[in-house]
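Asker: Here is what each chain is made of, one letter per residue.
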Amino acid sequence: NAGVTQTPKFRILKIGQSMTLQCTQDMNHNYMYWYRQDPGMGLKLIYYSVGAGITDKGEVPNGYNVSRSTTEDFPLRLELAAPSQTSVYFCASRKSGLNQPQHFGDGTRLSIL
Amino acid sequence: GENVEQHPSTLSVQEGDSAVIKCTYSDSASNYFPWYKQELGKRPQLIIDIRSNVGEKKDQRIAVTLNKTAKHFSLHITETQPEDSAVYFCAASKEGFQKLVFGTGTRLLVSP
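Chains as they are written, first to last, in my numbering: chain H, 1 to 113; chain S, 1 to 112.
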C-alpha cells in the first residue's frame, strides 16, 4: 500500500513551458486535492475532486487545470509556466464520509526560471 | 467562508518544556479539526484530530482541546523533544464540506 504517490519529485521549467504533475493513490479514496506551498507559507488549495469525472476550483486555480478520469489518478497541468508558480505542490486524498483525514504525498518541488 | 487563524507563527522552547499552539475558526458549523506536522522538506502528516462532539483528545505527549463556544482549539505538546521541531498546521472542516481550511502554520523549535 504505497498511499499517495507524486511524480516527479523535482523539476525545473522554463517560462512558458508546460508540464503535468502526476498524482496517484492506491487507497480507493474518492476525494483528491492539489495544494501549493510557497516557501515558509501555508497550504493553498488549487483544485479538488470528489470522484472520477468531478473536479472543482479551490482558492488559487488560475494557471492550472486538472482532470479525474479514474479514481486513482488526479494529474495537475500547468499550461504556460510562470515564475509565480515556483512552489512545492502537494497532492492529498481521503476517504468518503464525515470528517475523514487527508493523506498527503511527498510533494513535487517545481522551479520556473 | 471559513477562516482559520493560528498563533503564534513561531515558538521556541527548551527540551522538556510544554508547547501550546492555538487556532480560532469563524464558522460555527465546523466540526472537524485536524492537526498536521510538517518536518523540513517533508509532507504534512496528521498527528491528531478532534471532532466537535468531544472537548479533548490525548495521544501520548500530544493533546488537543476544543472550545466550541469560543470557536477555538489548541494543540498541547508536553515534554517536548528536539524531534518535535517542525511546522504545525491546524485545519477546520464541516459536514458536507469537502475541503479543509488550513491555518498559516506555527514553526516550533525545541532546543536541547
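It is worth saying that the hints were derived from the structure and are not from the lab.
Do not rely on the hints blindly, as some may be mistaken.
[Stated by the list, open to error] Derived DSS-like pairs (lysine-lysine); straight-line CA-CA distance at most 25 angstroms:
#	chain 1	residue 1	chain 2	residue 2
1	H	Lys44	S	Lys58
2	H	Lys95	S	Lys42
3	S	Lys94	H	Lys95
4	S	Lys99	H	Lys95
5	H	Lys44	S	Lys22
6	H	Lys44	S	Lys94
7	S	Lys71	S	Lys58
8	H	Lys95	S	Lys58
9	H	Lys9	S	Lys58
10	H	Lys14	H	Lys95
Asker: Now tell me, hint by hint, if it's right for this structure.
Answerer: Results for each hint:
As the CA atoms of lysine 44(H) and lysine 58(S) are separated by approximately 28 angstroms, the hinted pair breaks the 25 angstroms bound. The hinted pair formed by lysine 95(H) and lysine 42(S) meets the criterion: a straight-line CA distance of about 22 angstroms does not exceed 25 angstroms. Between lysine 94(S) and lysine 95(H) the alpha-carbon distance is near 15 angstroms, which keeps this suggested pair within the 25 angstroms criterion. Proposed proximity of lysine 99(S) and lysine 95(H) is supported: the alpha carbons are some 12 angstroms apart, at most 25 angstroms.
Only pairs whose Cα atoms come within 25 angstroms are accepted, and lysine 44(H) paired with lysine 22(S) is accepted, the gap being roughly 20 angstroms. A C-alpha spacing of about 18 angstroms is found between lysine 44(H) and lysine 94(S), which places the hinted pair at or below 25 angstroms, so the restraint holds. Using a Cα cut-off of 25 angstroms, the hinted pair lysine 71(S) and lysine 58(S) holds, with the two alpha carbons roughly 19 angstroms apart. For the suggested pair lysine 95(H) and lysine 58(S), the alpha carbons sit about 23 angstroms apart, so the restraint of at most 25 angstroms is met.
For the hint pairing lysine 9(H) with lysine 58(S), the CA-to-CA distance comes to about 35 angstroms; that exceeds 25 angstroms, so the pair is violated. A distance of roughly 36 angstroms separates the Cα atoms of lysine 14(H) and lysine 95(H); the hinted pair therefore is violated under the 25 angstroms criterion.
In this structure, the hints that do not hold are numbers 1, 9 and 10, in rising order.
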